[in-house]
Amino acid sequence: AQSVTQLGSHVSVSEGALVLLRCNYSSSVPPYLFWYVQYPNQGLQLLLKYTSAATLVKGINGFEAEFKKSETSFHLTKPSAHMSDAAEYFCAAGSGNTGKLIFGQGTTLQVKP
Amino acid sequence: KAGVTQTPRYLIKTRGQQVTLSCSPISGHRSVSWYQQTPGQGLQFLFEYFSETQRNKGNFPGRFSGRQFSNSRSEMNVSTLELGDSALYLCASSSRGLETQYFGPGTRLLVL
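These protein sequence lines are chains A and B, in that order. Here the working numbering is used: position 28 in the first sequence is 28, and no number is missing along the way. When you read off a place in the second sequence, starting at 1, and then add 113, the result is the number in the working numbering.
Please keep in mind that the hints were generated in silico from the structure rather than gathered at the bench. The C-beta atom is built at its ideal place from N, Cα and C for all residues, glycine as well. Among the clues, some could well be false.
Said to hold, decoys possible - Calculated from the model, a selection of chain A residues having no Cβ within reach of chain B, i.e. all distances over 10 Å:
no., residue
1, 8
2, 44
3, 100
4, 106
5, 112
To be verified - In silico DSS-like links for lysine-lysine, alpha-carbon gap of 30 Å or less:
no., chain 1, residue 1, chain 2, residue 2
6, B, 126, A, 49
7, A, 69, B, 126
8, A, 112, A, 58
9, A, 69, A, 49
10, A, 58, A, 68
Whenever a hint applies, use it, and build me the whole structure from the sequences.
Given below as structure tokens:
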């Protein structure tokens, strides 16, 4: 069965520092991959998605992710963290042609001033 | 376009009761998926409806059910509520399923 693993349930960075959130998937066939962000008491907002058109995907708010098939990874990065980036981030994978996403356990990003 | 809406936003029920949650997808979207979010289990897929048919189902007991109407609005029902059903229930819509899913704000259910 397909699974998604996010390494690190909590990541803390200083404002202005690099953000790196890790995601690995298990699938013999590259799935559709997504990163979502969730702010307190809100739903999920799409940051970016991998569509196989390009391995480096740019998303909103300065985030980007690189798909590496050899490592089955889809890590999320942002060059310079902002206080407003503090939230919970979810990596998700889907396959086939149905609306079923498998989510990682989430990573809470803390940004220190 | 208006986003995905869910009603009610908050709900308090007691054990043994049943509850119905509603989700209105983005106009033109025919796929609605439901997820349960809890601190312990994270985000888990409940089921997906496409053109009024359940197309996929997660590993939840039969107490969890859903349906979709001809206007793509969807409802999920939980019967005989248990304390462990306390969660944030999220629905997401997309045009056909595996494209980008857009999430609603969720319904927070508390079972006492």
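Each hint tested on the structure:
1. Its beta-carbon lying about 14 Å from the closest one in chain B, residue 8/A satisfies the requirement of being farther than 10 Å from that chain.
2. Remark: the non-interface label on residue 44/A conflicts with the geometry, its nearest Cβ contact in chain B lying 4 Å away (cut-off 10 Å).
3. Listed as a non-interface residue, residue 100/A fails to keep its Cβ farther than 10 Å from every Cβ of chain B; the least gap is roughly 5 Å.
4. Not every CB of chain B lies more than 10 Å from the CB of residue 106/A, the least distance being 6 Å, so the non-interface label is violated.
5. Here residue 112/A stays apart from chain B, with its beta-carbon at least about 24 Å from theirs, past the 10 Å limit.
6. Our distance criterion of 30 Å between C-alpha atoms is broken by residue 126/B and residue 49/A, whose separation comes to about 37 Å.
7. A C-alpha spacing of about 46 Å is found between residue 69/A and residue 126/B, which places the hinted pair above 30 Å, so the restraint is violated.
8. Simply put, residue 112/A and residue 58/A have alpha-carbon atoms about 24 Å apart, close enough for the 30 Å limit, and the pair holds.
9. Under the criterion of a C-alpha separation no larger than 30 Å, the hint pairing residue 69/A with residue 49/A is consistent with the structure, at around 15 Å.
10. At most 30 Å may separate the alpha-carbon atoms for a hinted pair to count; residue 58/A and residue 68/A meet this at roughly 15 Å.
Checked against the numbered hints above, the structure breaks hints 2, 3, 4, 6, 7 and satisfies the rest.
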